[in-house]
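Q: Input sequences plus hints: build the corresponding full structure.
Spelled out, the chains give:
Number of protein chains: 2
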Amino acid sequence: MRTAADIRRANAFDVIRSLHAAGVAGRRQLAEWTGLSVQTVATICGELLETGLVSEVSRAKAATGRPTAQLALNPEHGRLLGIDLAETYVHVETRTSALELISSTELEIDLHRHSPRQIVARVREAIEAETATDDLRPFLGVGVSAPGQVDRAGGVSVFAPNWNWRNIPLLEMLRGAVNAPLYLDNPLKALVLAELWAHPELGSQDFVVVNLGTGVGIGVALEGRLLRGCTNSAGEWGHTVVVAGGRQCRCGSRGCIETYVGAQGILQTLREVSPESTLLRGDDQAATIRALRDACAAGDEVAVETLERTAYYLGIGLAGIVNMLNPEVVILSSWVARDLGEHLLERALPHMAAHALTTPLLAASFRVDTSADDSVSMGAAAFALEGYLHSLSNATTVDSVPTLRTGTSL
Amino acid sequence: MRTAADIRRANAFDVIRSLHAAGVAGRRQLAEWTGLSVQTVATICGELLETGLVSEVSRAKAATGRPTAQLALNPEHGRLLGIDLAETYVHVETRTSALELISSTELEIDLHRHSPRQIVARVREAIEAETATDDLRPFLGVGVSAPGQVDRAGGVSVFAPNWNWRNIPLLEMLRGAVNAPLYLDNPLKALVLAELWAHPELGSQDFVVVNLGTGVGIGVALEGRLLRGCTNSAGEWGHTVVVAGGRQCRCGSRGCIETYVGAQGILQTLREVSPESTLLRGDDQAATIRALRDACAAGDEVAVETLERTAYYLGIGLAGIVNMLNPEVVILSSWVARDLGEHLLERALPHMAAHALTTPLLAASFRVDTSADDSVSMGAAAFALEGYLHSLSNATTVDSVPTLRTGTSL
Chain A
429 MRTAADIRRA NAFDVIRSLH AAGVAGRRQL AEWTGLSVQT VATICGELLE TGLVSEVSRA
489 KAATGRPTAQ LALNPEHGRL LGIDLAETYV HVETRTSALE LISSTELEID LHRHSPRQIV
549 ARVREAIEAE TATDDLRPFL GVGVSAPGQV DRAGGVSVFA PNWNWRNIPL LEMLRGAVNA
609 PLYLDNPLKA LVLAELWAHP ELGSQDFVVV NLGTGVGIGV ALEGRLLRGC TNSAGEWGHT
669 VVVAGGRQCR CGSRGCIETY VGAQGILQTL REVSPESTLL RGDDQAATIR ALRDACAAGD
729 EVAVETLERT AYYLGIGLAG IVNMLNPEVV ILSSWVARDL GEHLLERALP HMAAHALTTP
789 LLAASFRVDT SADDSVSMGA AAFALEGYLH SLSNATTVDS VPTLRTGTSL
Chain B
429 MRTAADIRRA NAFDVIRSLH AAGVAGRRQL AEWTGLSVQT VATICGELLE TGLVSEVSRA
489 KAATGRPTAQ LALNPEHGRL LGIDLAETYV HVETRTSALE LISSTELEID LHRHSPRQIV
549 ARVREAIEAE TATDDLRPFL GVGVSAPGQV DRAGGVSVFA PNWNWRNIPL LEMLRGAVNA
609 PLYLDNPLKA LVLAELWAHP ELGSQDFVVV NLGTGVGIGV ALEGRLLRGC TNSAGEWGHT
669 VVVAGGRQCR CGSRGCIETY VGAQGILQTL REVSPESTLL RGDDQAATIR ALRDACAAGD
729 EVAVETLERT AYYLGIGLAG IVNMLNPEVV ILSSWVARDL GEHLLERALP HMAAHALTTP
789 LLAASFRVDT SADDSVSMGA AAFALEGYLH SLSNATTVDS VPTLRTGTSL
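From first to last, the protein sequence lines stand for chains A and B.
Take the first sequence: its position 326, counting from 1, is numbered 754 in the working numbering, and each next residue is one higher.
Take the second sequence: its position 366, counting from 1, is numbered 794 in the working numbering, and each next residue is one higher.
Hints are computed from structural coordinates only; laboratory data are not their basis.
Glycine included, every Cβ here is placed at the ideal spot set by N, Cα and C.
Here chain A is said to cover these stretches of chain B; the calculated rule only asks that three of the stretch's residues, wherever they fall, bring their Cβ under 8 Å from a Cβ of chain A:
| no. | stretch |
| --- | --- |
| 1 | 576-587 |
| 2 | 642-655 |
| 3 | 668-680 |
| 4 | 732-746 |
| 5 | 754-762 |
| 6 | 774-787 |
Not close to chain B: a few residues of chain A, all C-beta gaps over 12 Å, as computed:
| no. | residue |
| --- | --- |
| 7 | Ala450 |
| 8 | Gly454 |
| 9 | Thr496 |
| 10 | Gln498 |
| 11 | Ser531 |
| 12 | His542 |
| 13 | Ser543 |
| 14 | Pro609 |
| 15 | Val701 |
| 16 | Ala719 |
| 17 | Asp722 |
A short list of chain A residues far from chain B (calculated; beta carbon distances all over 10 Å):
| no. | residue |
| --- | --- |
| 18 | Asp562 |
| 19 | Ala581 |
| 20 | Ser819 |
A: This is the structure we're talking about:
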């Protein structure tokens with residue numbers, strides 16, 4: 429059951445997410461958007477103003493009575509780092525405390541240099557590039573998204589199948605890179621948080637973010653709350669079996685959907701369609717996926733057949749999500765989706781129709797997240813911001829009144 | 429986002445579920461079990477006492493100070509009907525307003541007499557058997573669980589694949605059978621509600637009830653809240669594809685897990701293992717499943733092989749649930765589980781281990797619901813009780829104070 433503190437925390441997040449999306453808003457508007465009472469919103473805003481994270485920017489003249497204060501997130505309060513550590517690159521973004529992008533650095537990760545020490549060195553390199561500025565705003569927090577299964581509380585990468593990492597103390601190894609608290613989670617959770625911050629209206633809906641990259645998984649939000657499961661590993665859709673006894677998966681199992689719609693799975697299908705295809709760029713997943721995208725747009729038969737086969741499995745997999753979770757919105761995200769998502773979604777639709785029940789399928793809308801932004805980095809920065817708010821509220825806890833109690837747990 | 433009214437409703441349900449499970453309890457104990465403040469519990473109890481659904485049964489002598497009032501659900505307040513309409517039978521239970529079983533009636537449903545008119549006549553027959561008593565307590569509500577997809581608000585059976593029903597106005601056709609409001613939902617939702625009422629401690633956990641009957645599906649509870657999805661069709665796990673291009677399913681798709689682990693799927697496997705098996709009882713699913721159970725216990729090779737093959741697909745399917753939802757508890761329920769659940773679960777474990785990720789698999793515990801009770805009927809009676817509470821609170825709504833606001837929506 430949710431405790432009163434959980435509810436207060438969730439309410440505070442709803443308020444600041446709405447404020448972030450609106451840019452500038454008054455307390456009444458925030459109450460309207462969040463469905464909370466004006467009194468609750470006023471209490472939360474009072475606490476946020478005290479922290480300095482929110483500031484009063486102007487007073488709007490009301491039709492009658494005194495002018496009402498307009499609030500906004502205060503970008504001068506500090507900075508946040510959002511780190512998207514993926515199998516093939518590390519992307520680091522610096523954002524203000526209002527989550528506005530200041531700068532970013534992206535470094536490729538060599539497929540053959542994936543020891544924990546090598547990867548951490550690469551991440552530190554990207555962090556240094558971002559922190560070597562004369563910006564004086566303090567860092568409030570650093571959010572890190574790492575692939576695979578992570579232990580949030582311990583800051584440990586429990587299992588990263590692509591690198592064969594097990595129980596690597598990632599945050600411990602990054603300590604000192606920035607003088608700020610570090611928060612770890614995985615890209616599925618980051619993508620959901622990015623959507624909730626960018627589109628707070630999704631908070632009233634059940635939605636699913638499908639991460640199509642080297643790894644495959646889903647992030648699930650139910651009524652604006654991130655589904656974590658009992659050990660924070662909910663969303664491992666990539667290892668759902670769609671072909672019993674099918675392709676060997678790096679997780680040890682067979683026939684997982686990741687082996688058909690993940691980047692490596694798509695490359696394997698391409699090799700099956702045409703073993704000597706000129707679209708193949710050796711080990712370089714990203715270059716091959718881009719080549720497929722361009723060839724498909726040009727009507728290349730091999731590329732189209734590869735996408736048709738991939739879309740068949742994607743359609744079956746998405747139908748399973750629709751049947752099981754009955755979401756209102758499904759968003760294809762991450763780098764494979766950015767390159768191939770539109771091609772795949774269009775071809776997956778008939779297979780979805782053949783494999784999903786009518787009622788939930790008609791209720792769901794599908795889209796590809798084509799924003800040039802790295803949504804995972806944005807979500808990681810949001811981890812850091814929510815973690816910062818949580819630490820503030822823990823420092824001054826009053827339990828019996830509805831004071832600001834924030835946290836990373838939703 | 430959840431509104432304040434939703435939260436008050438959920439709090440009230442938590443209190444009465446705890447009271448139901450405890451039998452007798454004081455306000456402080458209820459506060460402790462639910463995690464709510466004593467003040468909130470006192471307010472909720474005050475409203476429940478006023479309705480007559482809860483009564484004060486005694487005063488326990490406290491170590492110091494005045495004796496504290498002990499509360500209980502009041503079985504004299506009225507009666508409830510819980511109806512489990514399944515593909516092969518209809519089971520109707522009469523329960524007190526404290527959800528104690530008074531009596532039950534079960535009638536078989538002929539596989540070949542499944543027109544809406546024929547089925548409704550059978551349900552009315554069972555209801556008449558239950559209502560022809562000289563018990564004077566009024567009926568507070570009737571909960572109906574019907575297979576397949578239902579439209580709760582409209583009281584319509586949207587799609588019942590086994591009978592090929594589409595958009596049948598079931599509650600309209602049952603009107604007048606009892607002088608009480610009727611509430612419709614499906615067995616997946618009923619099973620989750622039955623667990624939440626029987627084991628309110630599950631309310632702090634993420635759990636999944638797997639319905640193994642003629643149809644197959646899951647009911648999902650996240651932190652004590654029933655997952656409905658945006659059109660109340662979440663949990664259609666039975667139509668998750670485990671063998672792309674596999675067995676033809678009655679839903680129109682191919683390779684759905686229901687075609688391997690549902691009653692008809694198990695019969696098909698048995699026919700594949702031994703086309704002339706003496707275990708086959710013609711069209712009678714229930715009799716064949718019972719024959720398989722007994723033969724398996726006796727070590728019969730055909731039965732064991734049939735269960736081994738079924739367990740392979742069940743293991744793959746359960747692994748998918750564990751990966752995606754990361755639940756703490758998984759409960760196999762319904763009539764096929766009652767007969768074959770233990771045999772299947774034991775044999776499914778190695779296949780689960782081969783197809784699930786380690787962390788969520790180790791976090792999950794599995795059990796078979798072997799209670800002789802019909803859990804679906806119990807859940808249906810709970811629909812009726814929650815619907816009754818909801819109607820009471822709607823009659824006297826005060827929005828700005830934390831008064832009792834109950835409802836069937838969790």
